[in-house]
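Undergrad: Here are the chains, one letter per residue:
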Amino acid sequence: MRSAACGALAALVMLGPGLGGGAAAQRRHRTGLWGELGAGAAHSRVTCSTCTDVVRSSGSGGYIRIGGVLSDRVLLGVESAGFLDEAFGFTADDTSIVAEMETITVVVLWFPWRSGVFLKGGTGVAQGRFTVPSGSAADTSKGTGIGMTLGLGLDWRVSRKFAVTANAAAFITGIGDVILPAGRVDDVIATTYHATIGVTIR
Amino acid sequence: MRPPRSLAVLAVLTLLFPAPVPALQTDSTRSAATSQRPLLAVGQTLLINVFVNRFDAWALREDWAANAGSQSWSRNIRLGWEWDENSFSTNLFAHPYHGGLYFNAGRSNGLDYWESATLALLGSWTWEYFGESNRPSLNDFFMTSIGGIALGEVFHRVGATIRDNGATGRRRTWREIAALPFDPMGGVNRLLRGQWTARGPNPPEHDLGAFLLRVHGGARIVADSITDSVATLPVAIVDLRYGDPLRRPYGAPFDVFGARIMVSSAGLNALRTAGRLFGTDLNRPAARHRHAFAVNQRFDFISNPAHQIGGQSVEAGFYSLWQLGRGFGVRTQVFGSGILLGAIDAPGAGFGERNYDFGPGAGLRLELGLERRGVTFLTVHSQAAYVHAVSGASADHYIGFGGVELTVPIVRRLGLGVHATHFSRASQYSDRPDDARDFPELRLLLNWTAASRPAAAQTR
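These protein sequences, in sequence, are chains B and G.
For the first sequence, this note's numbering begins at 1 and goes up steadily by one.
For the second sequence, this note's numbering begins at 203 and goes up steadily by one.
Simulated from the structure, these hints should not be mistaken for laboratory data.
You may find that some hints are simply not true.
As the list claims (entries may be wrong) - Just a few of them, taken from the derived set where beta-carbon distance is under 10 Å, the chain G residues facing chain B:
hint, residue
1, L241
2, E284
3, L340
4, F343
5, F344
6, V432
7, L435
8, G554
Stated by the list, open to error - Cut-off 20 Å, straight-line C-alpha distance, at most; resulting in silico cross-link-like pairs (DMTMM-like, lysine to aspartate or glutamate):
hint, chain 1, residue 1, chain 2, residue 2
9, B, K142, B, E86
10, B, K142, G, D598
11, B, K142, G, D633
Stated by the list, open to error - Which chain G residues stay away from chain B? Per the calculated CB distances, all over 12 Å, these:
hint, residue
12, D430
13, I463
14, Q525
15, G544
We put the CB at the ideal spot given by N, CA and C, even for glycine.
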């Protein structure tokens, strides 16, 4: 572990000057009020306190972020992100459930080096919704709880008003108990990883 | 890892980054005397994890630390998050303190509050996945990062207030040592940069502005309605009001905060802080009666033999000061809060070996204080909260807490204090009978008060 940590530090040492090298030539990435919209691939892992294994699921993810500028390096905003899998199941051979995860979080975006690379962190509320087909109708169970997000991204400036933003982020939704027709699923936590491309308007 | 080795690594890292990035703009949250070193801050954040892991593995011989490695990393990434079963004080106090180290790796390298907040998240995340062999714990991640931000900023400011860059000799050294428990990262970085002895201007955080410091000592008498018992414990309380939300214009997060720490023979009983994240005056600063809107970040940890409650929350509301003449005034606070993640003991419930629940919620807080020349001597407070459990019992918890605190000056800065409080809770469970409890408490105290207000802001 120590060697790995030292390796990571060495990589940071080598990357750092490069990341910050072009800083002086670049302007700030976003100014005033900004908004961002993006979508991409998502992968979710769902666990619960009584689950013996993790349920993995792939689907699509998207997000919308709006906010303002606190300083040259720090943006503060509100982000809503979602995940949808229409072939979800709490057991390996079940694909009958439609799973939806949503988080609404207050996020901080920090641009340490002005190269467009940013770190993102935030916290807020989350909701998970599981819909099970039941004849002509459907049973829907919802859980509401806490949401957190952590990620990193790259703002690639296209023009004065637009940028393309690449994001890699994790969204954690702790939504409590979910009651399905087959029984109660306790203390559900879904961790959803997003790889998205977005458009930023400023 | 033995401390000297880690200090040597820190020293090498410091030498690796001799040219800090200059601050881009004036920011009152950032020390004017400290240049920005974002890369070093990130490096130190990760280094804290290495240091803590090796200390636990080598000195304390903890298996969960020694067994952390590529196998556990792979498993943690594959399995993801869970809720853990650690004790209340570990989850609600020790982890936030740990998170404060990450946060202050940023603050002591010239980063501001918001920049440092991302480091608390980064440090906590990497620790949960890679620092221990256990599966990453969602409640740890939350409490370490969000609690670490709140405690870290309070401790950063307390440390900056204790230190004095204008002092010399033994007095200077003792100040640096006294600040260490609050802000170890700041202390180590200052030591490595030779700032324990160098003279210079103090950072803006050194200035408390209008402040109130009150130290109480005495006895607390606690009644437990369930066991029908009464216990008497010795108690020490420290109250700090750093800045005045009605007299200090908003400049930066936590430029105004309040904190209370309570210790008794049962250990740390309470640590509560509320720091201003944002604020704005609602009328002219020269007006006779003052009103201000504020958004505060709260950290609450209450743990005693009768009950345990705590968590991280954000509150929004109003401060008011009503001048009565002859230096007297009435202060009011009305705040509504969103509990991001709260914790409350759930007797007979909980999760596994853990006997408390986690969950988000909401609350309301009212406070009325009578003061003379900035020194409060009577406070009436009331607080209500709701917590919806998402880990533990399937429950909804309703909490009420209120009381009266009176201080009667006797001579110079000494006074006699009487606090009478009442804590009540009602828990509704979906799969067991509802539960209601209440805990009245009386404190008899001798207290010492120090207070200061800028001359231009004297109460009329």
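Undergrad: Each hint should be assessed against the structure and marked as holding or not.
TA: Quick rundown of the hints versus the structure:
The interface hint given for G:L241 is met, as the beta carbon of that residue sits about 4 Å from the closest beta carbon of chain B, less than 10 Å. Here the hint on G:E284 is kept, as its CB sits about 6 Å from the closest CB of chain B, short of 10 Å. The beta carbon of G:L340 is positioned within 10 Å of a beta carbon in chain B (closest approach about 5 Å), and the interface hint is therefore held. The closest approach between the C-beta of G:F343 and any C-beta of chain B is roughly 7 Å, which is under the 10 Å cut-off, so the hint is satisfied.
Given hint, G:F344 at the interface with chain B, holds; its Cβ is 6 Å from that chain's nearest Cβ, closer than 10 Å. Restraint check, G:V432 versus chain B: the minimum CB separation of about 37 Å is more than 10 Å; hint violated. Of the supplied interface hints, the one on G:L435 is violated, with its beta-carbon coming no nearer than about 34 Å to a beta-carbon of chain B, more than 10 Å. Below 10 Å, beta-carbon pairs count as interface contacts, and G:G554 has one with chain B at about 8 Å; its hint therefore holds.
Straight-line distance between C-alpha atoms of B:K142 and B:E86 comes to about 16 Å, which keeps the hinted pair within the 20 Å bound. Between B:K142 and G:D598, the direct Cα distance comes to roughly 16 Å. Compliance with the 20 Å bound is thereby established for this hinted pair. For the hint pairing B:K142 with G:D633, the CA-to-CA distance comes to about 18 Å; that is within 20 Å, so the pair holds. No beta-carbon of chain B comes within 12 Å of the beta-carbon of G:D430; the shortest separation is about 34 Å.
Every beta carbon of chain B lies more than 12 Å from that of G:I463, the smallest distance being close to 25 Å; the non-interface claim holds. No Cβ of chain B comes within 12 Å of the Cβ of G:Q525; the nearest lies about 34 Å off, and the non-interface call holds. A beta-carbon of chain B comes within 12 Å of the beta-carbon of G:G544; the shortest separation is about 10 Å.
Comparing the model with each earlier hint shows violations of hints 6, 7, 15; every other hint is respected.
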